[in-house]
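Q: Listed in order, the protein sequences are those of chains A and B. Numbering of the first sequence is given in the working numbering, commencing with residue 40 and proceeding in unit increments. Numbering of the second sequence is given in the working numbering, commencing with residue 40 and proceeding in unit increments.
I should point out that these hints are in silico values taken from the structure, not numbers from a laboratory. Hints may be right or wrong, so weigh each one.
Identical copies go unnamed one by one, so any copy, or any two together, can satisfy a pair.
The calculated lysine to aspartate or glutamate pairs, modelled on EDC-like cross-linking and capped at a C-alpha distance of 20 Å, are [what the hints assert, rightly or not]:
1. K156 to D47
2. K149 to D47
3. K149 to D120
4. K62 to E108
5. K149 to D53
6. K156 to D55
7. K156 to E139
2 protein chains.
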Amino acid sequence: MFEHPDNDPVLVLDEDQCWSLLKGTQHGRLVTVVGGRADIFPVNCAVQQNSIVLRTAPGSKLAEMAVNESVVFEADGILADQAWSVVLRGTAARLETSAEREQAEELGLKPWVPTLKDFFVRISPGELSGRHFIFGPHPERELGEGSEVG
Amino acid sequence: MFEHPDNDPVLVLDEDQCWSLLKGTQHGRLVTVVGGRADIFPVNCAVQQNSIVLRTAPGSKLAEMAVNESVVFEADGILADQAWSVVLRGTAARLETSAEREQAEELGLKPWVPTLKDFFVRISPGELSGRHFIFGPHPERELGEGSEVG
Numbered sequence: 040m041f042e043h044p045d046n047d048p049v050l051v052l053d054e055d056q057c058w059s060l061l062k063g064t065q066h067g068r069l070v071t072v073v074g075g076r077a078d079i080f081p082v083n084c085a086v087q088q089n090s091i092v093l094r095t096a097p098g099s100k101l102a103e104m105a106v107n108e109s110v111v112f113e114a115d116g117i118l119a120d121q122a123w124s125v126v127l128r129g130t131a132a133r134l135e136t137s138a139e140r141e142q143a144e145e146l147g148l149k150p151w152v153p154t155l156k157d158f159f160v161r162i163s164p165g166e167l168s169g170r171h172f173i174f175g176p177h178p179e180r181e182l183g184e185g186s187e188v189g
Numbered sequence: 040m041f042e043h044p045d046n047d048p049v050l051v052l053d054e055d056q057c058w059s060l061l062k063g064t065q066h067g068r069l070v071t072v073v074g075g076r077a078d079i080f081p082v083n084c085a086v087q088q089n090s091i092v093l094r095t096a097p098g099s100k101l102a103e104m105a106v107n108e109s110v111v112f113e114a115d116g117i118l119a120d121q122a123w124s125v126v127l128r129g130t131a132a133r134l135e136t137s138a139e140r141e142q143a144e145e146l147g148l149k150p151w152v153p154t155l156k157d158f159f160v161r162i163s164p165g166e167l168s169g170r171h172f173i174f175g176p177h178p179e180r181e182l183g184e185g186s187e188v189g
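All chains should be modelled from the sequences, with the hints used to inform the complete structure.
A: What follows is the structure, given as structure tokens:
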């Protein structure tokens, strides 16, 4: 799925590749910024119609999203020899209507903190970016003293 | 290691527990904020003397840390029935002296993008917090219609 031209260790992913990776993951991290101060929260997530849906208990992340709806979501996967990371920059909004909530219920999401009073939040994408990395030897380790790289 | 009193699904971790989890992990995410806009980068990491050390190639995260040294680092671990997340809010500084770099070399860190010109960065802690979660059934699912919780 991830062919790296010219053995470049970094592959910039296109949007389809990013969504495909996001669909295959069930958790990520939500970054909020209020007053120039960032917070980060681990969240369960699911993809619905090219957006990310989270389910969360009341608390600081919900409060911070209400103050600043511009959020960043990140998911990654890290193996011994390769890794990927996808970052979605977007706008967070609570799902308010019962139709929206019913659709979101079908995603099977749970908040990390179970509670009777919880909320679905949709992050609508502004900017989507992703990278796939192939880990290799560090260049310093391949070079003898005095070697140069072109 | 993580005993949850009263079956509370969330356990607030103390600093020793946070450091112990950080020592056991090799990757996390670095959050930078410049001009009110957050960025998030996956990074390899190691603990050294109650600080986090990263190794990174030149690029946007290094530039953003130079503009705003206040950063947030997050690591987490997610299993089927439990999860943890540790957040370190601190100050990022490049390791400049050869003594510092030599000590950091021993950590065996690699940047995600291998390059001849890379940098070690230390995040000195300001604020450390962590949570351990036990996943359980969602309360709604345990209740029949018309049930109430006290």
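Q: None of the hints should be skipped; say for each whether it holds.
A: Hints, verified against the model:
Proximity of K156 to D47 under the C-alpha cut-off of 20 Å is restricted to the inter-copy arrangement: shortest distance 16 Å between copies versus 48 Å within a copy. For the identical chains of this complex, K149 and D47 are inter-copy neighbours only, at 16 Å across copies versus 38 Å inside a copy, given an alpha-carbon limit of 20 Å. Taking the shortest alpha-carbon separations for K149 and D120, only the inter-copy value of 12 Å comes in at or below 20 Å, while the best intra-copy value is 31 Å. In this homomeric assembly, K62 and E108 never come within 20 Å of each other (Cα to Cα): the closest approach is 23 Å inside a single copy and 34 Å across copies.
Within a single copy, K149 and D53 get their C-alpha atoms no closer than 29 Å, and across copies no closer than 26 Å, so neither meets the 20 Å cut-off. Proximity of K156 to D55 under the C-alpha cut-off of 20 Å is found in neither arrangement, the shortest distances being 34 Å within a copy and 32 Å between copies. For a Cα distance limit of 20 Å, the shortest separation of K156 from E139 inside one copy, 16 Å, qualifies, whereas the shortest one across copies, 50 Å, does not.
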